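Student: Protein sequence lines correspond, in order, to chains X and A. The first sequence lines up with residues -8 to 151 when you count with our numbering. The second sequence lines up with residues 3 to 354 when you count with our numbering.
No lab work stands behind these hints: they were computed from the structure. Please note: incorrect hints may appear among the correct ones.
To be clear about the criterion: a stretch of chain X counts as covered by chain A if any three or more of its residues have a C-beta under 8 Å from a C-beta of chain A, and this derived list gives those stretches [stated by the list, open to error]:
id	stretch
1	12 to 25
2	29 to 35
Label pairs and their in silico Cβ distance ranges [claimed, not checked]:
id	chain 1	residue 1	chain 2	residue 2	range
3	A	Pro253	X	Ser32	21 to 29 Å
4	A	Tyr337	X	Leu0	33 to 41 Å
5	X	Arg65	A	Tyr337	56 to 64 Å
6	X	Tyr88	A	Thr158	41 to 49 Å
7	X	Ala98	A	Thr188	40 to 48 Å
8	A	Arg61	X	Leu106	53 to 61 Å
9	X	Pro27	A	Ser120	36 to 44 Å
10	X	Gly50	A	Asn275	32 to 40 Å
11	X	Gly15	A	Ser229	15 to 23 Å
12	A	Ser120	X	Tyr129	46 to 54 Å
13	X	Gly50	A	Ser229	31 to 39 Å
On a predicted model such as this, the values are computed, not experimentally measured, just so you know. Glycine included, each C-beta is placed from N, C-alpha and C at the ideal position.
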Amino acid sequence: MKKTWTLLLSVLLFFSILAALIFGEVYVPPSALLHPHGVYSVILERIRIPTVLAAAAIGTSLAVCGAVMQMLLRNPLMDPYVSGTASGGAFGAVLSYFLLAFNLPFAYLVYVSPLIAFAFALLSTLITIAVGRRTGVYGLVVGAWLLPSFSPRRSPYSPH
Amino acid sequence: MYGLSIHVAMNRTILLAAVVAIIVVIGVVAVLVYRNETVVQKSTGSTYYPVTVRDASGRNVTLYTSPSRIVSLAPSDTQVLVSLGLGKELVGVDYYSYLLLKYLNATSDLPQNVTVFSPSISPNISGIVALRPSVVVDELGLIGDYSTQLSEAGLTTFYTNADYAGNYTAIEESITTLGKLFDRNTQAVELVNWMNTRIHSYESQGDTSVAYLLWVNPDHTFYTAGSNTFINTILNLSGGVNVFSNTTGYPVLSPESLIVGNPQIIIAQELTNLSYTLYMINTMPGIANVSAYTNHRVYVMSQNLPTFLLDEPGPLSVYAIQMINLAIKGDAPSYISSAWVESELNVTLPVF
Chain X
-8 MKKTWTLLLS VLLFFSILAA LIFGEVYVPP SALLHPHGVY SVILERIRIP
42 TVLAAAAIGT SLAVCGAVMQ MLLRNPLMDP YVSGTASGGA FGAVLSYFLL
92 AFNLPFAYLV YVSPLIAFAF ALLSTLITIA VGRRTGVYGL VVGAWLLPSF
142 SPRRSPYSPH
Chain A
3 MYGLSIHVAM NRTILLAAVV AIIVVIGVVA VLVYRNETVV QKSTGSTYYP
53 VTVRDASGRN VTLYTSPSRI VSLAPSDTQV LVSLGLGKEL VGVDYYSYLL
103 LKYLNATSDL PQNVTVFSPS ISPNISGIVA LRPSVVVDEL GLIGDYSTQL
153 SEAGLTTFYT NADYAGNYTA IEESITTLGK LFDRNTQAVE LVNWMNTRIH
203 SYESQGDTSV AYLLWVNPDH TFYTAGSNTF INTILNLSGG VNVFSNTTGY
253 PVLSPESLIV GNPQIIIAQE LTNLSYTLYM INTMPGIANV SAYTNHRVYV
303 MSQNLPTFLL DEPGPLSVYA IQMINLAIKG DAPSYISSAW VESELNVTLP
353 VF
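Okay, chain X solo, but in the shape it has when bound (with noise of 0.2 Å):
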């Protein structure tokens, strides 16, 4: 049975993948795939591959932190927005973008701010596991939720 899951959904990944590079604003013919010329190889390498890849590699990571943060808080329904990561990470995030103010180049802000994203989304599910620890999961689920009011408020992605 998990081997024909595994099965179905590597198969649906590739098909996805090859659907991906072939639509999009500009179609790709499947014939410029095997043989890239031109227009197409360009847009093939420098835009829609590394696209793919990125997607890919980045809905693994999602699914995989998903699990983790499901085992780590012992809760099926638990997700990042119930337990204060992506408010942390928003915060991170914007912080960074306030960092402009020290006259940063932009161009180093842009890999700098999902470092500092990240730092603060590590540190609020820190403090949301410490309270969980505490109170257990209805402390938890209270104290996550508390959370993003301390950080400034109303950042556009926090979700309350």
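Since chain X is already given, all that's left is putting chain A on it; use the hints.
Tutor: Positioned in the frame of chain X, the structure of chain A alone reads:
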């Protein structure tokens, strides 16, 4: 005794009747005098008013007397009104109108104590009412749903739709309409002639492919102008061909379309500042395969006067043809600044 009391009562009735009669007579005379006065006022003023003109929203707007206090809330309208010689009648303008006149060193066309409304999405209705304007002029696209509020505040409003003009004829129609409303028909004809003379002297034929970037998003998708837009008309008149003319309106496209379009020239509007604009263009995936980039034919227009000429369809837009034409011919600097446009094109707003 009895007879006397009757006599007194009768006297009282007569007195009362007399008082009533006097009040009625005074009232009637007052009404007559007032009426005569207004009639006299009308006949001493121009015979042009009252005039009824249909505005862009399809309403018939009637002005009963010559409007002496005008509020203009859009740069495209302010251009026209000042050009028609109504500058001194403007009691209030929006911030961007004032900014435009400041770029042109033409703020002296307005009264010295003109009220400038600070930039905001919603109009400052109480501020407008306080100016007691005879008429408020605005763009239909800018006023949106606030038009109801302006009408409810008792303001006479007149809307134009030049911001959605697809070509110069639509702008000229808007000028003619405003000329009709403000008794400036001859000036409107002169202004339209002025525009046409310049369009004919600036326009040129050519087939240089141009990509016009209105705005580049952080993910490198960008807004551009499609075939039915004013910008497309300007590109064609200045000897260019819009590579995205297969689209309509203002679509968001990805760098893929830019690679396929492979324009000979890229003209971009400044995003926040020049270095960020260049950063966003230079980091577009696949830009190295676009001939405009490899041949160093990327032009950035600064966000003040140069983009005003393209984004605010009005009389001054005729200079946009000349500006884009110079870029297409390769005679413009890669950063088309306000100062360059002022000195090179000698942008002036005619006042008739």
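Student: Go through the numbered hints given earlier and state which of them the structure violates, listing their numbers in rising order.
Tutor: Hints 4, 7 and 9 contradicted; others consistent.
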